[in-house]
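Just so you know, the protein sequences line up as chains A and B, in that order.
So for the first sequence, our numbering puts the first residue at 1; every next one is plus one.
So for the second sequence, our numbering puts the first residue at 1; every next one is plus one.
Treat the hints as calculated values from the structure; they're not laboratory data.
Among the hints, erroneous ones may be present.
Dumping the calculated DSS-like pairs for lysine-lysine here, alpha-carbon to alpha-carbon at most 25 Å [said to hold, decoys possible]:
{"no.": "1", "chain 1": "B", "residue 1": "LYS127", "chain 2": "A", "residue 2": "LYS141"}
{"no.": "2", "chain 1": "A", "residue 1": "LYS86", "chain 2": "B", "residue 2": "LYS5"}
{"no.": "3", "chain 1": "A", "residue 1": "LYS127", "chain 2": "B", "residue 2": "LYS5"}
{"no.": "4", "chain 1": "A", "residue 1": "LYS137", "chain 2": "B", "residue 2": "LYS127"}
{"no.": "5", "chain 1": "B", "residue 1": "LYS127", "chain 2": "B", "residue 2": "LYS158"}
Derived, one-sided and incomplete: chain A residues facing chain B with beta-carbon distance under 7 Å [what the hints assert, rightly or not]:
{"no.": "6", "residue": "GLU105"}
{"no.": "7", "residue": "GLU108"}
{"no.": "8", "residue": "LYS141"}
Just so it is clear, CB atoms sit at the ideal spot from N, CA and C, and this is done for glycine as well.
The chain contents come next:
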Amino acid sequence: MNNIIRTEHAAKSYKSGEITTTALKDVSLEILQGSFTCIIGPSGHGKSTLMHLIGGLDRPTDGKVYIGDVEISRIPNSDLARLRGKRVGFVFQFFNLMQGLTAIENVEIAMMLAGVPDREQRVRAVKLLALVGLAEKAGAKPGQLSGGQQQRVAIARALANDPDILLMDEPTGNLDSVAEAEVLDLLQTLHRQGKTVVIVTHSDEVAKRAERIIRVKDGLVAH
Amino acid sequence: MNLSKLVYKNITRRRGRFLFTLLGITIGIASFVTFMALGGSLKDEIHRETAALGANLVVIPKGSCGYEQLSILTGDQMPTNISAAEIATIRAIKGLTVVPFLAQQTAINNKPVTVSGIEPEATLAFKRWQISQGAYFSNPDETGVVIGATAARQFDLKPGATVTVRGEKLPVLGILGETGGRDDATLFLSLPVAQRLFKSADKVSYAAIRVDDLARTEGYIEKIREATGLGVVSDKQMLKSVLGIVGTVNITLQMIAAVSVLAAAFGIINTMMAATYERKREIGILQALGARRRTIFLLFMLESGFYGIIGGVTGVITGLATAVIVTPYISQNAFTTFVKGSGSGDIIDIKMIAGSILFSTVVAIVAGIYPAWRAARLTPVEAISYE
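Could you put the whole structure together from the sequences, leaning on the hints where they help?
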């Protein structure tokens, strides 16, 4: 199986005035296509930074990051944005749905940004909401949905452009155990369908479901 | 989902802020439109009225300023200082057709109306009026009124009806055909009757003069001045002088309107800046979902532009409504008489409406540039991590 994500000596530091903070020191890792990987580690040790780098949300200050054969740390911003839209689906801890839009519109917006025509967006969004078990909530606004339901809408949105990779930052961090189990079952189903799932988490429940665990500590990866 | 639907949803999500920002641009554009509507048609009106006066020269009391010249065109009340003897002196100069006017005002149903005392035969020949209903004055001092077409419609007057001027009931003799000028809104009395009612003795306010030989206009001016000591202006001088006054008024109005629109523009900047702060996280999500910087920039610019278009439309409607409603209540003076003379038909000018909406949109788009640039400049991580 091929590597879908690869980092070579990736490092990230932030400058604030005179102070430089190093979030990641020297991370080289490979994640196989179709795998289910968890990135775990204490808070503030660089897990989220690593996720941002491999998802193309941020660029390393040193080293290289690849998605497939594309070195994403070097490509222009607009190409990086297009790549994020087509190849990576993000899910965040706080769901991050657009509050003024309905569930189905939240799913459609990802397709809109990828240039999918309106009618096709609607057909596909209906299917995706059915996939996450929320067909009947298509017209509900985020405020009318429970935390678990919101996170399932966020997963449907992440799947909108049929990405290879699902990158998730504490996707069950705000859910009760029942909702957490539902979301994890859904993620396992998606993984079985061939998606590469990468989850940043503190949760043992989540980590238990992973095929591979990457531990991040002090900005370094402990294999 | 498409970008325009997203823009609409974003804007209307916070209804209170949307309405208040819209109100700001509406008021700005409304004042702009009101001032433009009131002042904009003046120039054309002045050209039209000067042509309608049909005079090459106008004799006015000595020392009269531009304001008196404006009053001739507006039909506003004027001092009556030119005596019959002076008119006779001017008439003695060969090559001139001289028609004196007494410019006064009265009120019908509490609405001010211009009254003009005229020499019936001389004025009819000078102005080339048509009589649409009833009859014209049959002798030089007939007691009665001949009414302009608009005034007849406005006060529902027909031949045979009576009009009270200075406490005296006068029969309506006839209605003039449309002239397209101030004469349409004027009551005409024979000069002796007007002089009696307004206690002007044998005096008149001004005299309109047509010269037989245009090449000798300057010579005529000199002759009249020498013979009477009165002020004489040519139609071109009068036009220049009156347009000068109106130009100053227009510039003042336009500056006030510009300040209103500028204030509205800052309202939009404020709203859009607040939106960029409040929606930082959303901007991050959009970026994570594949939105490019130019998409974020466009999104915010479209939101600003939306305010401009909607604010422009509501501002134009409000401004025109204000112009139409307020005009009759503006206190009487030469400037506002012109405004009143403009009528709603002239106030509603398609070019001005389209221009105002375009102006509002452009102002809103320019106001949106900085907030949109700020929003587009955010990095995905910076935006997503915003608490």
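Could you tell me which of the hints above the structure violates, numbers in ascending order? Of the numbered hints given earlier, those the structure breaks are 1, 4 and 8, listed in rising order.
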